[in-house]
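J.: Once you've looked at the hints, dock chain B against the given chain A.
One line per chain: the protein sequences are A and B, in this order.
First residue of the first sequence? That's 0 in numbering that gives the first Met the number 0, and the numbers climb one at a time after it.
First residue of the second sequence? That's 0 in numbering that gives the first Met the number 0, and the numbers climb one at a time after it.
Bear in mind the hints are in silico, worked out from the structure with no lab data behind them.
Think of the CB as a built atom: it goes at the ideal place given N, C-alpha and C, for glycine as much as any other residue.
One should not assume that every hint holds.
[As the list claims (entries may be wrong)] Computed beta-carbon distance windows for the label pairs:
(1) A:Asp224 with B:Ser148: 48 to 58 Å
(2) A:Ala161 with B:Ser25: 24 to 34 Å
(3) B:Ser25 with A:Gly8: 45 to 55 Å
(4) B:Ile33 with A:Lys128: 27 to 37 Å
(5) B:Ser153 with A:Glu131: 19 to 29 Å
(6) B:Leu89 with A:Tyr12: 42 to 52 Å
(7) A:Pro37 with B:Met150: 27 to 37 Å
(8) B:Ile178 with A:Lys128: 10 to 20 Å
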Amino acid sequence: MENAIEVKGLAKYFSNFRAVESIDFHVKKGEIFGFLGPSGSGKTTTIKILTGQLDPTVGEAFVFGEKVSKLKNSNARKRFGVLTDNSGLYVRLSIFDNLKLYCQLYDLPISKIDEALGFVNLKEASKKKVSELSKGMMQRVLLARAILHEPELLFLDEPTSALDPVNTLHIYEGLRALNKKGTTIFLTTHDMHEADTLCDRVAFLNKGKIQLMDEPRNLKKQYADSTITMELTNDEQVTIRKDAAGAEAMYQLMMENRLVTVHSNEPTLGDIFVRVTGGELV
Amino acid sequence: MTFSWKRVNAIFQKDLKDFSRNLAVSVVVFLPLILALFNGRAGENTITGHFMTINIAFTLIATYVQCCLIAEEKEKNTLRGLMLSPANTLEILAGKSLLSFVLTIIVIFFSAYLSGYNPPNIWMISMAIILSSIFYIGLGTLLGLVAKSVMDSSVIVLPVIGIFSIGSFVLLLVDKYPILKIAEYLPNVQLIELAEKIEVGAEFSEVLSNLGIISIWVIAVILLTIVVYRKRMVD
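Chain B extracted, bound-state conformation:
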């Protein structure tokens, strides 16, 4: 299978133009920044505080925005046009994800700056954030493919926002409800754990398990997305 960056870029350029004119969705980009600004002003300087903003950026931009972009393509029958064009599955999915990826990274960068988060090992955190972005974008794509309309996508994305942006607080209830221990394996919880380890000077080998668990989520969501996408191609 060939892979053309030219086609990926064409879809990205189109999305960028379309997104800039879609105020209903594009306004969401500012929410994590506002939250980060409040956090910074309030002097909130804990990893949990910083990563609440970052996880909200993931769920709102990487997942919600991506979900809306895909659901709209489906609802307006433009996804069918892309599917019938020479662009293959990977090119379409990469092209459709690039805008959400760029936006997520930019917003997380500025959120970290506004809330005063300054990790001691920027490379390890960057790697974890890039991996997490891919997971959340994959999740958004998957939900967008499942949603029947943009309106529908706004509803089905709500549990995701709940679980992945504030899910880490569930761990406070583990003593009372041991079953909630499973939440430790959520990618957002793993990201916070990784950030906490880095904060106390952990080496790459010490965060490998966290990166591994996030990678498993990434692989699972990508495979599931490709299966659902291919099914949508012929229904």
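For reference, chain A alone in the conformation it holds in the complex:
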């Protein structure tokens, strides 16, 4: 499968600070790729380099086979959408007017506004002034703006960071639907549950370096600790190993009719991250 993004030996230094250090990865077309890491790990810097907002110090990055430095023409820009922490809205204008500007810039019919607002659950609020919106609503307008032109590649930097659980789920559904239609999604987040729910593959970024990269399922398998926890009728929890002795113990409890639930002890992506980096996700 062709790659939407390809990064080779990419690094970005700000004076003495090394924001990103020699990273290599690729994102396949049609994939949802999660770039995970705590604040300050280099996620936003990477997105900025990939969208042409920052020049790398060393290395190369390609989007759709083109060097990112050559992505500044209008046809290339129509192929991707961006939502980053430095995206802004015109606060004195309505949601509709904000999106209308982008419809005109992308040469799209105005009807696209309704579609995009439906995606972020804001159809009813289109006439509202941006200054009257909550942070979460603003985030949803920015997301609507990023997907207005149905880009082939969508860069999302912490897209649900200011959203409530209901709207977060709504956005997840929308992103999955977009992905099904063929949009490749490059997502940065520090929310491991989000990454687990959405991403086909994830990369753990810590202190500017990629520590681990694989499918969430494979990572969980790789870092599983081969134990099972059982909950008994007397509320006691018993952990057993997945071996013959464990099977014997479980069989015994079942025979005695004392077993209520059985859970395999899969690590979460958060657990894996902490084990790999020795740090916490902030």
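T.: Frame of chain A, contents of chain B only:
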């Protein structure tokens, strides 16, 4: 590089709507008109008097308003959105300048009417005013790109207002301080000189040097603005 008027117009329409709701900045538009009205009533009928109002219109509208518009786009991170859209550098800069340009021309037209300025050669004066507008808007854009916030822009634009609106008075001190002769090359001074020549019936060839000097300022400020803008795109 393609150039789309549709995209330029989209940015202009957005700016027009946004500006009409931004009283803190839009109120500035009336100041040159009030000054022109006073001048007209006071019977001030010299070129220096008329052009003081016109130069104030340039610095307040073309430079100050433009500087605020750009600084606000930067401060609110909306300029980044435009930079990441299909609009190219020229389309964004033209779109962002169109409102200030239209406002400047309208205000200068009405200022001239209110102060009773009636130049003998309207075409030559119009050409010089259009060129000057481009210079002052370029300067406003440049300062807006350099300013960190709208508040900051209000401060950094002050020396510009000083030099370009009342700078012509510096020439009165040239005998005492010969170094101030350099002020003769300021675009506002050139504009007044051009207007004075036109007043006594000068031909196009006689004002060519004034137009040339103003054009050099225009080219310099446009080039500098594009360089700073492109630098801002990747910082």
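J.: Taking each numbered hint in turn, which are not upheld by the structure, reported in ascending numerical order?
T.: Hints 6, 8 are the ones this structure does not satisfy, whereas the remaining hints hold.
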